[in-house]
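Protein sequence lines correspond, in order, to chains A and B.
Convert by adding 910 to the 1-based position in the first sequence; the result is the number in my numbering.
Position 230 (the second sequence) corresponds to 219 in my numbering; numbering is contiguous.
Simulated from the structure, these hints should not be mistaken for lab results.
Wrong hints could be hidden among the right ones.
As the list claims (entries may be wrong) - Simulated coverage check for chain B against chain A, where a stretch passes if three residues somewhere in it have a Cβ under 8 Å from a Cβ of chain A: (1) 1 to 14; (2) 52 to 60; (3) 80 to 89; (4) 94 to 108; (5) 199 to 210; (6) 241 to 249.
Even for Gly, the Cβ is constructed at its ideal location relative to N, Cα and C.
Spelled out, the chains give:
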Amino acid sequence: MVVGERGGRAEGAVVVGRARRARRGAVTVSGREARAGWLFLLPWVIGFVAFTAGPMLFSLWLSLTHYDMLKPPTFVGLDNYREALVDERVGTALWNTVFFTVLHVPAQIVLALGLASLLRRAGRGSGFFRTVLYLPVMTPPVALAAMFLLLLNGQHGAVNGFLGWFGFQGPNWTTDPVWIKPGLVVMSLWTVGSTAVLYLAALTRVPVERYEAARLDGASPWRQFWHVTLPGISGTVYFTAVVNTIASLQVFTEAYAMFFGARAKQSAEGDAALFYVIHLFQEAFGSLRMGYASALAWGLFVVIAVITAVQVRLSRRYVHYEGERS
Amino acid sequence: MKRVGVWAALLVVALAFGYPFWWLVSASLKDRAHVFDNALLPRPFSPGNYVEVWRAVPLLTWIGNSVAVGLAAAVAATATSALVAFGFAMFRFPGRNALFGVVLATMMLPAAVTMVPVYLEWHALGLATTQIPLWAQNLFGSAFYIFLLRQFFLGLPSEVFDAAKVDGASAWRLFTSMALPLAKPGLVVVFVFELKAAWTDLVKPLIYLREPELYTLPRGLKAVLDRFGEGGEEQWELVLAASAIATVPMVLLFLVAQRHFVRGTVTQHVE
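All chains, please: the whole structure from these sequences, using the hints.
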């Protein structure tokens, strides 16, 4: 299902698709049509083999070798996987990544939902606010990193300046290992706009009659939110939870730009911001341990696959899809 | 909540989300002694930072590289994704739906899994230190854009196409003279999304670009941050001036193409 302003048209498309499927029984598929179809798909098929399926098999094999790009790969069996299990930096990186994901994904969803509800209530004239909310999404992550190194600075940063208005002494977000990840979460919330816009589209599609019915039953705004709004958009919320989880388990750019690279401080701060893909990147392109990095990549693949599978399971219990309701 | 309360809350939100932009521009126009002062207006006013950073690093080259790579990536992604999407939307043949399922599955595939082997492929081709890997993969279509454009094609009135088919129009003619013009809004969405993605990406430039003359703007900005930022020469006003230069084109792109970005964002949701 597709959400959005085109919702109506998309439903039309589904109907067309059904009609076509029905027709297929009567009309035999012509060889010419099949040939033409495959010709149109050819670029994608080639790309899939060359840049997805092929590389995945290649990397699976590489993960069983030692390969430094100078000498040919040597087969080492499961050594790389065994090493990954006892690699302290893998432990650190996994912990950091899970920590970030567990804070970032729910915070992003709750904030986006709040902002979308506000925009929905503003009605006409919400366009300006939508623009302001979305603009941070356009900012190049490296620029974001540079800006937030200063905005989150413990002594001079505007974030702590703001907290100071309320009498709070803000932490050293960019240097205290305990606060680096929360700082990155705060920073990630600045780009909540795209999720908020997605939720806004979903909110506008919840039928008004359901709210009217709830109000007639004397439901408070809070109960309306739990019993009308949330079920109405749970499919969209679930979708963003899955996609955001997959993305934040691969968090890389902002943290790398802020705490890694040419500058020679790979100390406490570097460790606190060492995310899984950063570790993978360093092993591959810093130490040229291509075999080991491939094993790390497959480890991540398995972790993400398991988490996604669990989320799919949970969704069966909690997510309401429109089709099943009426 | 009352209307007034909603608007007041939105105003606070807008200030919070807009402030970093204001701060960026303002701080990039301050001198070194005042760059940390968080004053709303730059006093003294030091536009010279922009001249200085422009002289210190090859910003113009990097902007040129980013424009070239961004256009190549966007044109390639739009053209081939449209081709493939048309194939999925307009033809019936065995295996089509299974194949489309594979397209959707690749959208969920973690990019980190193919990072190393794809690099090794480009290395084997002798192209691993060129800009080609930054855009050439787009010549084979991109899953999300294929999905998005397929939706557009399915939304077009099918009678028009049926009539043209009866008249004996070839598939290629249906695609170029009918489908593409009708799906123009969708093509624009893909184009601006990919332009933004290529303009802001740091990962691929970090992997592939070695020579500073080949850097795209984000890679160059990372070099500026390393050199003038913390642990470097501590000339933050230059870092911020370069950051503003990298950000402004994207802000303008959004203001011009806002509709398309919103449309692309809300079409992401597939079940």
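Here's how the hints hold up against the structure:
1. 1 to 14: Result for this restraint: holds, n = 9.
2. 52 to 60: violated (count 0)
3. 80 to 89: Result for this restraint: holds, n = 6.
4. 94 to 108: holds (count 13)
5. 199 to 210: holds (count 3)
6. 241 to 249: holds (count 4)
The structure fails hint 2 only (numbered hints given earlier).
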